[in-house]
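*Asks:* These protein sequence lines map, in sequence, to chains A and B.
Residue 23 in our numbering is what sits at position 21 of the first sequence, and the numbering runs on without skipping anything.
Residue 56 in our numbering is what sits at position 53 of the second sequence, and the numbering runs on without skipping anything.
Possibly wrong hints are sitting among the right ones.
Listed next, the in silico SDA-like pairs over lysine to any residue satisfying Cα-Cα at most 20 Å (straight line) [said to hold, decoys possible]:
1. 60/B / 41/B
2. 44/A / 8/B
3. 110/A / 110/B
4. 44/A / 41/B
5. 44/A / 40/B
6. 110/A / 42/A
7. 44/A / 45/B
8. 21/B / 76/B
9. 59/A / 103/B
10. 60/B / 4/A
11. 60/A / 19/A
12. 107/A / 7/A
13. 59/A / 102/B
14. 68/B / 115/B
15. 60/A / 76/A
16. 44/A / 14/B
17. 44/A / 11/B
18. 44/A / 25/B
19. 110/A / 91/B
20. 110/A / 76/A
21. 114/A / 20/A
22. 44/A / 109/B
23. 60/B / 23/B
24. 61/A / 21/A
25. 107/A / 91/B
26. 60/B / 40/B
27. 114/A / 87/A
28. 20/B / 82/B
29. 59/A / 33/A
30. 107/A / 89/B
31. 110/A / 40/B
32. 44/A / 43/B
33. 61/A / 102/B
34. 68/B / 82/B
35. 59/A / 48/A
Partial list, derived from the structure: chain B residues whose beta carbon lies under 7 Å from chain A [said to hold, decoys possible]:
36. 45
37. 46
38. 48
39. 51
40. 99
These aren't lab readings, by the way, just hints derived from the structure by calculation.
Glycine included, each C-beta is placed from N, C-alpha and C at the ideal position.
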Amino acid sequence: ILNVEQSPQSLHVQEGDSTNFTCSFPSSNFYALHWYRWETAKSPEALFVMTLNGDEKKKGRISATLNTKEGYSYLYIKGSQPEDSATYLCASNYGGSQGNLIFGKGTKLSVKP
Amino acid sequence: EAQVTQNPRYLITVTGKKLTVTCSQNMNHEYMSWYRQDPGLGLRQIYYSMNVEVTDKGDVPEGYKVSRKEKRNFPLILESPSPNQTSLYFCAARRGGVNNEQFFGPGTRLTVL
Numbered sequence: 003i004l005n006v007e008q009s010p011q012s013l014h015v016q017e018g019d020s021t022n023f024t025c026s027f028p029s030s031n032f033y034a035l036h037w038y039r040w041e042t043a044k045s046p047e048a049l050f051v052m053t054l055n056g057d058e059k060k061k062g063r064i065s066a067t068l069n070t071k072e073g074y075s076y077l078y079i080k081g082s083q084p085e086d087s088a089t090y091l092c093a094s095n096y097g098g099s100q101g102n103l104i105f106g107k108g109t110k111l112s113v114k115p
Numbered sequence: 004e005a006q007v008t009q010n011p012r013y014l015i016t017v018t019g020k021k022l023t024v025t026c027s028q029n030m031n032h033e034y035m036s037w038y039r040q041d042p043g044l045g046l047r048q049i050y051y052s053m054n055v056e057v058t059d060k061g062d063v064p065e066g067y068k069v070s071r072k073e074k075r076n077f078p079l080i081l082e083s084p085s086p087n088q089t090s091l092y093f094c095a096a097r098r099g100g101v102n103n104e105q106f107f108g109p110g111t112r113l114t115v116l
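Could you build the full structure based on these sequences and the hints that come with them?
*Replies:* Pasting the structure below:
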């Protein structure tokens, strides 16, 4: 079973700071990389699903990049706001294109006003 | 509205008393999955289903059963719950391929005394 690693485990920033975190995954047999945002007392919600090397996706102040050859993805948040406080999960596939996702342990972001 | 529902949301029970957590989705998605979330361990897959009558074990299936008799429902059964099954459980659904985002249910917090 592959390992998906996320760093850092937690991050505390001030409102207005820009920040980024990393997800690393085995690059062999890659099909997709997912990012989810998970707020306390809620369920994870999809931010991005990325499949192609060099993919860049953006949603508002949040963007992500993907490098499938070296097995990493970055998530960037520009001008963090308190409402960005959440745990950010990444997941990659194993078991082929119809297979399962394996999740990293997440990066917990706290944004202080 | 695309939705995955779970019931109950909270449950406190005793060791050995059989219980079922229901999961239902209204998106006609083929793939459904159960995860448990424990502090420091991230989301771990219990069972998954590629379609009706097709189920398979995930990473931590011991002590659990599932069934998929209809496309929309994927109940999780604990025949004889034990305290180590105290956890937060999520059901998820997606269209077939791993390049599709997963939709998560609201979660079920189970305590086994």
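*Asks:* Take the hints in turn and mark each one as holding or not.
*Replies:* These are the hints, each one checked on the structure:
The suggested pairing of residue 60/B with residue 41/B holds, with an alpha-carbon distance near 19 Å, which does not exceed 20 Å. For the hint linking residue 44/A to residue 8/B, the alpha-carbon distance of about 13 Å falls within 20 Å, and the restraint holds. The suggested pairing of residue 110/A with residue 110/B holds, with an alpha-carbon distance near 19 Å, which does not exceed 20 Å. Simply put, residue 44/A and residue 41/B have alpha-carbon atoms about 15 Å apart, close enough for the 20 Å limit, and the pair holds.
Distance check on the hinted pair: residue 44/A and residue 40/B sit about 13 Å apart at the alpha-carbon level, within 20 Å; holds. At roughly 10 Å between alpha-carbon atoms, residue 110/A and residue 42/A fall within 20 Å of each other, so this suggested pair holds. For the given pair, residue 44/A sits about 15 Å from residue 45/B by alpha-carbon distance, which is consistent with the 20 Å threshold. The hinted pair formed by residue 21/B and residue 76/B meets the criterion: a straight-line CA distance of about 19 Å does not exceed 20 Å.
Note on residue 59/A and residue 103/B: the hinted pairing holds, with a Cα-Cα distance of about 15 Å set against a maximum of 20 Å. Between residue 60/B and residue 4/A, the direct Cα distance comes to roughly 16 Å. Compliance with the 20 Å bound is thereby established for this hinted pair. Between residue 60/A and residue 19/A the alpha-carbon distance is near 18 Å, which keeps this suggested pair within the 20 Å criterion. Pair hint residue 107/A plus residue 7/A holds up; C-alpha atoms about 7 Å apart against a cutoff of 20 Å.
For the hint pairing residue 59/A with residue 102/B, the CA-to-CA distance comes to about 14 Å; that is within 20 Å, so the pair holds. Straight-line distance between C-alpha atoms of residue 68/B and residue 115/B comes to about 17 Å, which keeps the hinted pair within the 20 Å bound. A threshold of 20 Å between alpha carbons decides the hint, and for residue 60/A with residue 76/A the separation of about 12 Å falls inside it, so the pair holds. This hinted pair checks out: residue 44/A and residue 14/B have alpha carbons roughly 17 Å apart, not beyond 20 Å.
Of the supplied pair hints, the one linking residue 44/A and residue 11/B holds, its CA atoms being roughly 15 Å apart against a limit of 20 Å. For the hint linking residue 44/A to residue 25/B, the alpha-carbon distance of about 18 Å falls within 20 Å, and the restraint holds. Note on residue 110/A and residue 91/B: the hinted pairing holds, with a Cα-Cα distance of about 18 Å set against a maximum of 20 Å. Using a Cα cut-off of 20 Å, the hinted pair residue 110/A and residue 76/A holds, with the two alpha carbons roughly 15 Å apart.
A hinted pair counts as satisfied when its Cα atoms are at most 20 Å apart, and residue 114/A with residue 20/A qualifies at roughly 13 Å. Our distance criterion of 20 Å between C-alpha atoms is met by residue 44/A and residue 109/B, whose separation comes to about 6 Å. A distance of roughly 17 Å separates the Cα atoms of residue 60/B and residue 23/B; the hinted pair therefore holds under the 20 Å criterion. A threshold of 20 Å between alpha carbons decides the hint, and for residue 61/A with residue 21/A the separation of about 15 Å falls inside it, so the pair holds.
Restraint check: the Cα-Cα separation between residue 107/A and residue 91/B comes to about 15 Å, which is no more than 20 Å; the hinted pair holds. Note on residue 60/B and residue 40/B: the hinted pairing holds, with a Cα-Cα distance of about 17 Å set against a maximum of 20 Å. For a cut-off of 20 Å, the pair hint linking residue 114/A to residue 87/A stands: about 9 Å separates their Cα positions. Between residue 20/B and residue 82/B the CA atoms are separated by roughly 7 Å; this keeps the pair inside 20 Å, and the hint holds.
Of the pairs offered as hints, the one joining residue 59/A and residue 33/A holds, with about 16 Å between alpha carbons and a cut-off of 20 Å not exceeded. For the hint pairing residue 107/A with residue 89/B, the CA-to-CA distance comes to about 19 Å; that is within 20 Å, so the pair holds. Distance check on the hinted pair: residue 110/A and residue 40/B sit about 15 Å apart at the alpha-carbon level, within 20 Å; holds. Under the criterion of a C-alpha separation no larger than 20 Å, the hint pairing residue 44/A with residue 43/B is consistent with the structure, at around 18 Å.
This hinted pair checks out: residue 61/A and residue 102/B have alpha carbons roughly 18 Å apart, not beyond 20 Å. Pair hint residue 68/B plus residue 82/B holds up; C-alpha atoms about 8 Å apart against a cutoff of 20 Å. This hinted pair checks out: residue 59/A and residue 48/A have alpha carbons roughly 13 Å apart, not beyond 20 Å. Proximity of residue 45/B to chain A holds as hinted, the smallest CB-CB distance being about 4 Å (cut-off 7 Å).
Interface restraint check for residue 46/B: the shortest CB-CB distance to chain A comes to about 4 Å, inside 7 Å, so the restraint holds. With 7 Å as the threshold, the beta carbon of residue 48/B comes within range of chain A, its nearest partner Cβ sitting at about 6 Å, so the hint holds. Using the Cβ-Cβ criterion of 7 Å, the hint placing residue 51/B at the interface with chain A is satisfied: the shortest such distance is roughly 6 Å. Using the Cβ-Cβ criterion of 7 Å, the hint placing residue 99/B at the interface with chain A is satisfied: the shortest such distance is roughly 6 Å.
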